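**Q** With chain A held as given, fit chain B onto it using these hints.
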Amino acid sequence: GAVVSQHPSRVICKSGTSVKIECRSLDFQATTMFWYRQFPKKSLMLMATSNEGSKATYEQGVEKDKFLINHASLTLSTLTVTSAHPEDSSFYICSARSGRAYEQYFGPGTRLTVT
Amino acid sequence: DQQVKQNSPSLSVQEGRISILNCDYTNSMFDYFLWYKKYPAEGPTFLISISSIKDKNEDGRFTVFLNKSAKHLSLHIVPSQPGDSAVYFCAATNSGTYKYIFGTGTRLKVLA
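Residue numbers (our numbering), protein chains in the order written: chain A, 1 to 115; chain B, 1001 to 1112.
The hints are simulated quantities; they were obtained by calculation from the structure and are not laboratory data.
Keep in mind that a hint or two might mislead.
Below, in silico cross-link-like pairs of lysine-lysine (DSBU-like), each with a Cα-Cα straight-line distance of 30 angstroms or less [to be verified]:
no., chain 1, residue 1, chain 2, residue 2
1, A, K42, B, K1037
2, A, K66, A, K14
3, A, K55, B, K1056
4, B, K1005, A, K64
5, A, K20, B, K1099
6, B, K1054, A, K66
7, B, K1109, A, K41
8, A, K41, B, K1099
9, A, K64, B, K1099
10, B, K1099, A, K42
11, A, K14, B, K1068
12, A, K41, B, K1068
13, B, K1068, A, K55
14, B, K1099, A, K66
15, B, K1054, B, K1109
16, B, K1056, B, K1109
17, B, K1037, A, K20
18, B, K1099, B, K1054
19, A, K55, B, K1109
20, A, K20, B, K1109
Quantities reported herein were computed from a predicted structural model and do not represent experimental measurements.
Looking at chain A on its own, in the form it has when it is part of the complex (with noise of 0.2 angstroms):
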């Protein structure tokens, strides 16, 4: 169980191209999902929190303009990278966890490089 994907994989597209990242909660509901990014040898740096129904919570930092996230369903959380550029290449993996729970459930990541 808890079994969370995230889809694509990897994407590669060009500067000033929008990019969107969808991430799925194959078996349970979540009521709040995460967005992380993490660089190369770095630690994972929390982006955003998005609740169901509701806006998402940027970390400071992070511009929202520019990482768009929609958390339409109990399942379902995008991120769309807006006008990305090759500084916004990176690893991007969202979590999500349900109910009252502390555990986090990873995606396994989407690889985005902007040339």
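**A** Relative to the frame of chain A, chain B by itself:
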């Protein structure tokens, strides 16, 4: 300000021996701690967790110890196996936000 730190970036251990990974935190508001294992280009996998009301939690080969006064936790893996080779992250959170603050990670290599 790094609220959660793993001061050893890497650790090598012989197969069959004990691996001890350490984690320090600064925020006394954290009330729950977790350990995750991560391979390159994959998401973290949950290993074991501990509430701040406990000082030890055990699950098979994995044991987590929490010393609240020292703001320190450790993960013991015994016996270590080559398949345990990965990067290990500790994470801290609290029931107010449920947001994780991750440590910087320790790369464990178990030598056969």
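**Q** Would you list, in rising numerical order, the hints stated earlier that this structure does not obey?
**A** The structure breaks hints 3, 6, 11, 13, 19 and 20; every other hint is satisfied.
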